[in-house]
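*Asks:* Residues per chain are reported as follows:
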Amino acid sequence: MSIDGVSGRTSYIGSGILNLRSQLDTLTEQLASGKVSNTYAGQGAGRSLALGLRAQLNSYSAYADTATNVNTRISVANLSLQRLVAVTSSVKGAAVSAGSTLDNTGQTAGQKTASLGFFDSVDMLNAKAGDRYLFGGRATDAPPVASADQILNGSGTAIAGLKQVIAERLQADLGVNLNGRIGSAVPAAPASQSSVVVTEEELTPAPPAAAQPFGMKVSGVSTTIVGATVTQPATLPTTVPPTPAVPPAAKSMSIDLGTVIPQEGDTVKFTLQMPDGTSEDIVMTATTTAKTPMDANTFLIDPGNPQAVPPVAPSSAVTAANLNTALATSMKSLANGTMAAASAIQAGQNFFDQPPMRVGGGPAFNASTTLVAGTKADTVIWYTGESDTTAGQTDSARGTAVAQVDTGTTVQYGARANEQALRTELQNVAVFAAVTTKVSPTGTPPVTALNAGDKISALNQRIAQNLAVIPGTQSIQNIQADFAGAQASIKSTTDRQNQSKVISQSLLDSIEGVDNNEVATKILALQTALQASYQTTSDLYKMSLVKFL
Amino acid sequence: MSLGDALSIAMAGLRANQASMSLVSSNVANAETPGYVRKTTDQVQTNTGSIGTGVNIVGVNRELDQYILAQLRTETSGASYASLKSSFLQQVQGIYGNPDGTGTLESSFNALTAAVQALSTSPDSASARIGVVNAAQAMASQLNSMSQGLQTLRGAAETGIKDSVGVANNLMKQIATINNQLQTNPLGGTSTDSATAALLDQRDQYVTQLSQLMDIRVTTNSANQVTVFTGSGVQLVGNEAATLTFDAQGTVTPNTTWNSNSALSSLGSIKVSYSNGGSIDLTDTLKSGKIAAYVELRDKTLVQAQTQLDQFAATMASALSDKTTTGTPTAAAAVPQGYDLNTANLLTGNTINLTYTDVASNTQRTLTIVRVDDPSVLPLPASTTANNKVIGIDFSGTSGTVAAQLNAALNGANLNFTSSGSTLSVRNTAGFTTIDAASTTVTQTGLTGNGVEVPLFTDNGKAYSGATTVAGAQITGLAQRLSINTALSADPSRLVVYNTAPQTPAGDSTRASFISQQLNNARFTYSPQTGVGSTGTPFTGTLLSYMQQITSQQGANAAAASQVADGQNVVLSTLQQKFTATSGVNIDEEMAHLLSLQNAYAANARVMSTVNDMYKTLMQAF
Chain A
1 MSIDGVSGRT SYIGSGILNL RSQLDTLTEQ LASGKVSNTY AGQGAGRSLA
51 LGLRAQLNSY SAYADTATNV NTRISVANLS LQRLVAVTSS VKGAAVSAGS
101 TLDNTGQTAG QKTASLGFFD SVDMLNAKAG DRYLFGGRAT DAPPVASADQ
151 ILNGSGTAIA GLKQVIAERL QADLGVNLNG RIGSAVPAAP ASQSSVVVTE
201 EELTPAPPAA AQPFGMKVSG VSTTIVGATV TQPATLPTTV PPTPAVPPAA
251 KSMSIDLGTV IPQEGDTVKF TLQMPDGTSE DIVMTATTTA KTPMDANTFL
301 IDPGNPQAVP PVAPSSAVTA ANLNTALATS MKSLANGTMA AASAIQAGQN
351 FFDQPPMRVG GGPAFNASTT LVAGTKADTV IWYTGESDTT AGQTDSARGT
401 AVAQVDTGTT VQYGARANEQ ALRTELQNVA VFAAVTTKVS PTGTPPVTAL
451 NAGDKISALN QRIAQNLAVI PGTQSIQNIQ ADFAGAQASI KSTTDRQNQS
501 KVISQSLLDS IEGVDNNEVA TKILALQTAL QASYQTTSDL YKMSLVKFL
Chain B
1 MSLGDALSIA MAGLRANQAS MSLVSSNVAN AETPGYVRKT TDQVQTNTGS
51 IGTGVNIVGV NRELDQYILA QLRTETSGAS YASLKSSFLQ QVQGIYGNPD
101 GTGTLESSFN ALTAAVQALS TSPDSASARI GVVNAAQAMA SQLNSMSQGL
151 QTLRGAAETG IKDSVGVANN LMKQIATINN QLQTNPLGGT STDSATAALL
201 DQRDQYVTQL SQLMDIRVTT NSANQVTVFT GSGVQLVGNE AATLTFDAQG
251 TVTPNTTWNS NSALSSLGSI KVSYSNGGSI DLTDTLKSGK IAAYVELRDK
301 TLVQAQTQLD QFAATMASAL SDKTTTGTPT AAAAVPQGYD LNTANLLTGN
351 TINLTYTDVA SNTQRTLTIV RVDDPSVLPL PASTTANNKV IGIDFSGTSG
401 TVAAQLNAAL NGANLNFTSS GSTLSVRNTA GFTTIDAAST TVTQTGLTGN
451 GVEVPLFTDN GKAYSGATTV AGAQITGLAQ RLSINTALSA DPSRLVVYNT
501 APQTPAGDST RASFISQQLN NARFTYSPQT GVGSTGTPFT GTLLSYMQQI
551 TSQQGANAAA ASQVADGQNV VLSTLQQKFT ATSGVNIDEE MAHLLSLQNA
601 YAANARVMST VNDMYKTLMQ AF
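Protein chains in written order, with my numbering: chain A, 1 to 549; chain B, 1 to 622.
So here's chain A without its partners, still in its complex pose:
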């Protein structure tokens, strides 16, 4: 700076000193702050780069926050999944190994295990990290799964839970005649009197219209009786609505003995489809040993009457009638035993669908022929998280929570309780926990000890099978693997960022920082220069002829 006022000489000498002084001030400030300058101007040519580096460091710290947050969430979700896996395996184990001994509440020990496991599973799926529910897709602000008690028992009298849905389905599956909506008969003349026809009670319309969903369905028939004719159930040909070319008919299958008399040990196998899609066979074995009552699944070959005069030959028609009677008993037993378990499994499937499917047209559901969608006004909606379809598109569950952990790196860690693996776990454990079986031979339907035993073992078998990992379908382990992948990605990104951060920081320091040694040296040099200037200036002014006159 230039100094005005006094004369030139003073001014330029003063300017020099002031200049030194201001340099010293700048250096002192640098030493104190550790920074080269407190303005962009003073930072020199690196100022633009420094700005970019600070933004980068800022983003690293923002990404680090994200990584910490997301890691915590994934860890919490993982704990939930581990617990679900444990529940699955303990319930599966119970289903496989536990007996069929019913306690006073109508449940086996295995079902009790399932009940505890179910409450646990619901808690796990309602897990929170901070305030965030982890298994509701993007709906992170409310528990995604209804409470376990509500799911099982419903809410109040108007809103049905799983137990009620199972009971209603059982009524519908058993039908009016408590026989699984299927019957057998020896047809009236002129049809062959030596045949047995198994017929569904309801008419099956031509496709694409679907048959009513309840009860057992005829599926196939076969026999070892040489010469007997079997007729498989026919599928009606597809017709173009509205006028069906073929009128609706009740589906049936039959065996016609013709004139053949079965041999001891010959069998007739009727295959029936259960409500849950599984198939059960009834194998009727021909026997010559008459008993009252006949052993289950056996029918008496008509011996004829060789003693009579004239001797009466064995009649295929009588044998067929015997078969019909024995089959009716077997089918009824199947309906009240195994099918009851299959019905519960299917009811579970219906209940856990979105929306839940209920038996239409009740109460007194035994004649119902439709499934209707339940609403939250009449059925507990078990999953209230985000739907897995958005605008008709299937939306990946993992993609419902996406975290940016680096400029170009995102990790997906969303999960939905209605994902296939989680739903299967919850659904089967719930059904296992919900089914009760009480022996009551006089009740409606009558349940004999045999029926109850069949039902429990059918249930055990189905639950064990459903909880097993089926190749090609999603398992909980798949979800865990996804999470592990996300965590690995976060870790490698964080590691890389930590390294980059050190590099960026040291580059930034080299731009905006100062070398203390250098500054200190400069200060010393300036101090010396300034002292010398003061001294010489003072000497210069002293050294005047004025003093020597």
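In short, the hints are calculated from the structure, not lab data.
For clarity, every value in this text was computed on a predicted model and none was experimentally measured.
Glycine included, every Cβ here is placed at the ideal spot set by N, Cα and C.
Possibly wrong hints are sitting among the right ones.
[Said to hold, decoys possible] Computed footprint of chain A on chain B, listed as stretches where at least three residues anywhere in the stretch have a Cβ under 8 Å from a Cβ of chain A:
#1 91–103
#2 511–520
#3 527–535
Starting from the structure of chain A, add chain B where the hints point.
*Replies:* Relative to chain A, chain B alone:
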């Protein structure tokens, strides 16, 4: 009578010595007086008879080097200009803040991006939502206060001009007065008497002071009177001083600008008026000195800094609020092919964007049609390059239909427009043009139902759409008015919820990710008027890279100004030193002079005493 001669010569010597002594004492006394020029006696011998020669002091000499003085004045102007500019730019640096501190544009922006990142990680978190609202608020406030700071500096420049003009008028009057005194001096202006020399010292000092304020040229006439001109040749002082006037304006905002047409100018103009009533506008003709620095800061430097902040604010606001929708292509079989565009929601300043290929030259061109609602602002200022045309079209209906205006304006482009209601259709012209893409860019004003775009920032409550109206461009001063959308601060959940039917789930990070993407990674094109990029190749980059550009540009400007100022001061100091060496008082020299004068006086006295002795001898002889 040679003894008498000797006596009178000795007397003359004593008189000369005394005069020289008084000059020495005056030099010593004024050694530190600004503007004082060392004086020396103008001593001549006088003929006093046949043999002896007397001595006479006929005047004083000013030891002045005119050439150095002229140089000194030029550099004084330059140094004042450079120092003032540097000092203002240092203050601008103060506004930009400490790079490592919190009150900077970058720290606010970084805080905003960090908050948005946190929101995209935890969209359901109320605190993350409020965090974004607060960070956005801080970002807006930062721009507001920086803009305010720049305008305050512009106001200071306006006041500075006023003060300087006052000082200049006073100096000019003083110079004129001295010019007149020289004219009326009975001894004439070139007289070497000490009174005249003092006047000249005084006047030169005034001229030098005037040179601090503006660049001047000085001519001296034969009567030692000076005429002062501005650098551009306008006479300021002769025998009369012209009067500079400056109509300072109290209000300085981004929208007030200086214009050479005083009807359009909303800031003060420096005018020189003469007693005959004439006046000349000097505002943009001054090249150096304090006043020129003030004018440059007020009308260019600080305006550009403001424009940069405005551009940053505008790009940031538009990046989040503008939704680009592709037009509907015509059915596959339709002839001619083209696009239909919905122009219903276009706000003033919103655009329709077309990309088409000129078939003959196989050149792809873009056309941007800007909605304008006031035909008086048309045509828009040209920002058009050959293959990238921007035109404004009046949508108010007073200039005919949009299609008709477009067809008229783009006659040569072979584009075929028709409109029906709010649908604008554009079709190929077979063999001439093929339309490759068509879209509309619309500023969203609502918070839900329009996709992920969100008007996070507003122009003081209004949507920012880049409108141009009679009052000027909406972008001007936006940085000062930028505010967070009050609907968002009232309901921060809208940072996440972009749809109410169906309701966006609380954990949906789509909108947060969009904001993050726009702020961090999206690239925009910035107007070359901000001093970054050029018309031919405008600067394109992320918000961060633009901020890097403007911040470092301001920093570099300040650093350069400070270096120039330092350099100028070195030049000035050197000249001052040189000037002092020739024209200043050197005490040692004066002391030496004093010694010799003392000796000379003694010698003269000795001569007198000897003459006296000789007279005595002569008298006693008789």
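*Asks:* Each of the hints needs a verdict: does it hold here or not?
*Replies:* Status of the hints after comparison with the structure:
no., hint, in the structure
1, 91–103, "holds (count 7)"
2, 511–520, "holds (count 3)"
3, 527–535, "violated (count 0)"
Hint violations for this structure: number 3 only, all remaining hints satisfied.
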